[in-house]
Amino acid sequence: MNKKKVCGKPEIWKDPPGAAMYCPGCQHPVIDRVISEVLEEMNIDGKAICVLGVGCHAFVQVAWDLDILSCAHGRALDSATAVKRLNPDAIVFTVQGDGDCIAIGAGAFIGAMARGEKITTIMFNNTNYGTTGGQLAPTSLLGQKTPTTPRGRDAALEGYPVHTAELAAAFKGTAYSARGSVHTPADYQRTKRYIKTAFQKQIDGVGFSFVEVLSACPPNWHLSPIKCLKRIGEDIVSEFPLGEFKNEDSTERLSKSR
Amino acid sequence: MAEKMFVQGNEAVGWGALYGGCDGFFGYPITPQNEVTQWFAHEFPKRGKVFLQSQSEVGSINMLFGGAAAGFRVMTSTSSPGWGLMQETISHCAAAELPCVIVLVQRGGPGAGSIRHAQMDYITATRGGGQGGYKNIVLAPGSVQEIHDLMQLGFHLADKYRNPLVVLMDGILGQVSESMEAKTIEFEPLDQKDWALKGRERQEDGKSRLINAAPGVLPLPPYPNYISWLKHMEEKYHEMEGSELRYETYKAEGADLILVAYGYTARVSKEAVNMARAEGHKVGMIRPITLWPFPYSVMKEKAMLGCKFLVVEDSLGLLIDDVKIGVEGRADVHLVGILDRHIPTDGGMIMPGRVFEEIKRLL
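Protein sequences, first through last, are from chains A and B.
If you're matching positions, the first sequence starts at 1 in this note's numbering and goes up one per residue.
If you're matching positions, the second sequence starts at 1 in this note's numbering and goes up one per residue.
Here chain A stands alone, though its shape is the one from the complex (with noise of 0.2 Å):
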């Protein structure tokens, strides 16, 4: 009989520090938990590198028993590309947050995805630079109060929430993109299937795979943890959407993509 675990910790999550270095309610190590449960139900945590950016989300090099590089802020995807090109049977997956995959990574992502490089990206949006103390991030929501947006984030001044899961849509190398969420059972699940699917276009070797992770960020948003969870469900979710936006089996399909 085929025995499924279904509660405990993953094999993969080392005993503390691990998750211990995350706020109370911050759903970083939820995310985390998502990628573990992954890695582990496809048996490839053994062969995967994953290469981390600059940011809360790095945290987790403490507490993965995986192979892990944590790169210059932004970089991660370029780091990334030469472990994939120098070592194609490796899994290589990348885990960033928004400020380092889109504002100070964004020639990076945008290079990789143009190339198609066959790697794995899982980017945290928690509309903020969590690190440095909530400032304004490309993602944060219009009239979002920050540090650095004390009246509230202005389009005309600041500019608009950027969409990248939807920009990752659009590049012919890229052969899968979904925006998820952790805040329900049911958006924790999603999720998991959208991470599950990026992992096999790497496997299959079709093209640069992106998931977008909606994370709450109670102390920058001095919210509860469970305020935090309403947030996302309403405000965050009604700016960035849940779903897939590109789903390619094949090489051939994604030239001819438009």
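No lab work stands behind these hints, which were simulated from the structure alone.
Just so you know, not all the hints are guaranteed correct.
[What the hints assert, rightly or not] Calculated cross-link-like contacts (lysine-lysine; reagent style PhoX-like; alpha-carbon spacing at most 20 Å): (1) K324(B) to K300(B); (2) K270(B) to K251(B); (3) K198(B) to K4(B); (4) K47(A) to K207(B); (5) K251(B) to K160(B); (6) K47(A) to K198(B); (7) K47(A) to K4(B); (8) K207(B) to K14(A).
Position chain B relative to chain A; hints supplied.
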């Protein structure tokens, strides 16, 4: 196996890297080193090696960060503006102790400067140009053959010390064609890279590896804290200084005047020494092959014998500072620099005749 060929300095970078076991090249087009990138585009894929044109020099150097972390011999090549862009991650490579080779074919500066030769990046090359005061070996070839040889030494020393290494050239050295013998040079055996990332199940001990460049934020074993890690780095830098100094002397024995130069201006200086010797002047040359570590002690020794110094470098004077440090105020140090070029354009060069004039003026 050895191959005799007549090639450009920029192509010699490629042959040296190939025979030195380079696995991957990552680069972005910039003049005057485009022949380097193009050589790798032609020669690497057909040999099953990786060539990739990056989206920027920032991309190139971060690709080196990844490729080196995966345990491969990786390199890039650039010219001065691209060199500026790479500094942050060269520092990260130093912090994460990731070996890689960066070839810098210098052009005129500052800013976009000129697209022709110059020697104006000496300070950033030799002083750890990025943040945080790291150190890296700098090799300065003076001929096409030496480019080939030092590329191989460069990969060896980068791996030996787990440190980024710079091969410092200039536009003229890159463009000059000479005959060269391509062959693998044997070095002392090095340990396997058991620190490299392969995926946990491919590690011999089955244990996962972590590489980061923030030793003061997240301490990495075996260093329990930031200062113990810095102490380790200091010891490594001392070992490089003690073991890796390389220089060449030319007719320096009994000389009254010592010329100091590297790269193309060392070729010019050698010619000027010959002109001076032909007229009976006691003139010699010291050519540092490693610009870091620098042969300070040799400068001091000559200064104590009463020698004068003439630095020949195609800049407003950068190498001259190291010579002054070496002589410790015991000798006069003069400069023939970029203002002494034969014509006042970006195509001007420091010519042997101009150096010879200065030699006669000083003696």
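Checked hints:
1. K324(B) to K300(B): Holds: K324(B) and K300(B) sit about 9 Å apart, inside 20 Å.
2. K270(B) to K251(B): Answer holds: K270(B) to K251(B) is near 9 Å, not above 20 Å.
3. K198(B) to K4(B): violated, 37 Å
4. K47(A) to K207(B): Holds: K47(A) and K207(B) sit about 12 Å apart, inside 20 Å.
5. K251(B) to K160(B): It is violated: about 33 Å lies between the C-alpha atoms, which goes past 20 Å.
6. K47(A) to K198(B): holds, 7 Å
7. K47(A) to K4(B): The hint is violated at about 43 Å.
8. K207(B) to K14(A): Since the Cα atoms of K207(B) and K14(A) sit roughly 12 Å apart, the hinted pair holds (cutoff 20 Å).
Checked against the numbered hints above, the structure breaks hints 3, 5 and 7 and satisfies the rest.
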